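Taking the hints into account, I'd like the entire structure generated from these sequences.
Top to bottom, those sequences are chains A and B. When you number the first sequence by my numbering, it's gap-free, plus one each residue, and the end is 1388. When you number the second sequence by my numbering, it's gap-free, plus one each residue, and the end is 1388.
Just to be clear, a hint being listed does not mean it is correct.
What the hints assert, rightly or not - Using C-beta positions, here's what the derived DEER-type ranges look like:
#1 B:1351 to A:1101: 45 to 55 Å
#2 B:1178 to A:1235: 36 to 46 Å
#3 A:1126 to B:1233: 47 to 57 Å
#4 B:1360 to A:1142: 34 to 44 Å
#5 B:1350 to A:1135: 25 to 35 Å
#6 B:1127 to A:1347: 28 to 38 Å
#7 A:1135 to B:1343: 47 to 57 Å
#8 A:1347 to B:1275: 30 to 40 Å
#9 A:1366 to B:1182: 47 to 57 Å
#10 B:1263 to A:1304: 19 to 29 Å
#11 A:1101 to B:1233: 48 to 58 Å
#12 A:1228 to B:1213: 51 to 61 Å
#13 A:1306 to B:1263: 19 to 29 Å
These aren't lab readings, by the way, just hints derived from the structure by calculation. These figures come from a predicted structure and were not determined experimentally. Glycine included, C-beta positions come from ideal geometry on N, C-alpha and C.
Protein chains: 2
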Amino acid sequence: MIQRLAIIGVGLIGGSFAQALRQAGQVGEIVGCGRSRANLERAVALGVIDRFHQEPAEAVAGADLIFLSVPLGAMRAIFQGIRGAISEHAVLTDGGSVKGSVVADARAVFGAVPPRFVPGHPIAGTEHSGVEAAFATLYQHRRVILTPLPETDPQALEQVKALWEACGAQVSLMSVEHHDEILAATSHLPHMLAFGLVDALARMRENDEIFRYAAGGFRDFTRIASSNPILWRDICMANRQALSTLLESFSLEMSALAQHIRNGDAEHLLEIFSRAKAARDRYVDAASSD
Amino acid sequence: MIQRLAIIGVGLIGGSFAQALRQAGQVGEIVGCGRSRANLERAVALGVIDRFHQEPAEAVAGADLIFLSVPLGAMRAIFQGIRGAISEHAVLTDGGSVKGSVVADARAVFGAVPPRFVPGHPIAGTEHSGVEAAFATLYQHRRVILTPLPETDPQALEQVKALWEACGAQVSLMSVEHHDEILAATSHLPHMLAFGLVDALARMRENDEIFRYAAGGFRDFTRIASSNPILWRDICMANRQALSTLLESFSLEMSALAQHIRNGDAEHLLEIFSRAKAARDRYVDAASSD
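So, in structure tokens, the structure goes:
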């Protein structure tokens, strides 16, 4: 049981974590922190948090668990803001979509990665943001990846793991580097394609007409292009290396595919499409019924 | 009221057209035709068709309206099969996703495009196929594009338009070439990206793990990669020119985006993502509430 939980960044991710822990009876008081006073007031009105401070140092004072759910580009400033204000026994964790940059930010601010900091990433979300989008069941049957370092306190790790499990999530451990490569493939690359496609179509002359004839498949395919642009700018900056390499190599594959289409290489096309369908039917639909 | 409707290819598209027209009280008898006897027997059992022939010439004999809903690669053989067996007053239409190739096939087989042939394309579907996937409301609030030629009989056009409207669809007219360009952008290109992405991930060494950490966004994004590979091979072959040009140009854009990410060009990334989000929120969500 956490006596006091501090949520820095009370949006979809932080708000849902607060709601899930509250519903699981795992938390006493919840203190929020964020830049938008209106959002924090709304969070209090919705019962997501009990009270708030706009200064991170004040919000974390006396907290047993501190959860950072701010855009990756804001992490370093938050670490600076809370340094010196964290209780000795407090456990610190985060929900950032890239782990290398968060660990580097912690190391830069604290001199070394604090043993009671457990870097984490819930693989969950929607294209919506803000506390209004939060809901207590967001993490149910979802995976959460924790990326402990050699210096991470095993008790802190155990506590964070147990909290996510109390939210209904399934927790895996992996290295920071491996996390960032896997997520570049399954999340960051698809977001680049969706943002890129919608932007390319929007810049075409007949864009009005193009969108008018977009059907259900297009709506699903581009849903992630409605995600928060600032979050995604930060994710790109934080995972530059892995993502740019993957996107460049995918771009070459698409150029080769264009050539196969131009050449009328029917056999080869059928092979690609069949392999893709088999993989998706097998892995993705299987995963959804986990 | 159609006395006898012949559906050549009783799958998702053809089966749903039959069900919708039946429900709208627009049709007497429905005769099916297809290569799989088991699928046709299932279609009779489900009440989608009343009876069937496996020979197209027999299926169209005495029909007032003939609907071709077979993969694009099978269109020409069907035209050859029914030539000489169509009643003089019969109206012929189709549901092919590319119009240029269907018109070229008709011209090649009949010597000229028959005046009572109305090329069409319902912008609707799911990733499933076969008659089991068909349902009467598939076309409700969906758009159907008809691409009449100068030689198309206005009465035949009017009849096909009215039938789609009876299915609940909204009908637009445009040229064959324009249709194929618009669909290359809104449907064929996204399918290439989804098939290509899933195939690329499936070929990676850690593919098991990659798919395990794919979240809801990935599932939506790749849904269209579960589409029928044969249909999509045929669509690529039929719309080679427009699709390969578009895919090549998109590949160059993704390569440029990779470069921006590598260079840490945060402003530029934010601009692209913001423009894409604005376009999607405005056009796609607006379209869905039409």
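Exercise for the section: Against the earlier hints, flag every one the structure doesn't satisfy and list their numbers going up. Expected result: Violated hints (numbers, rising): 2, 5, 6, 9; every other hint is consistent with the structure.
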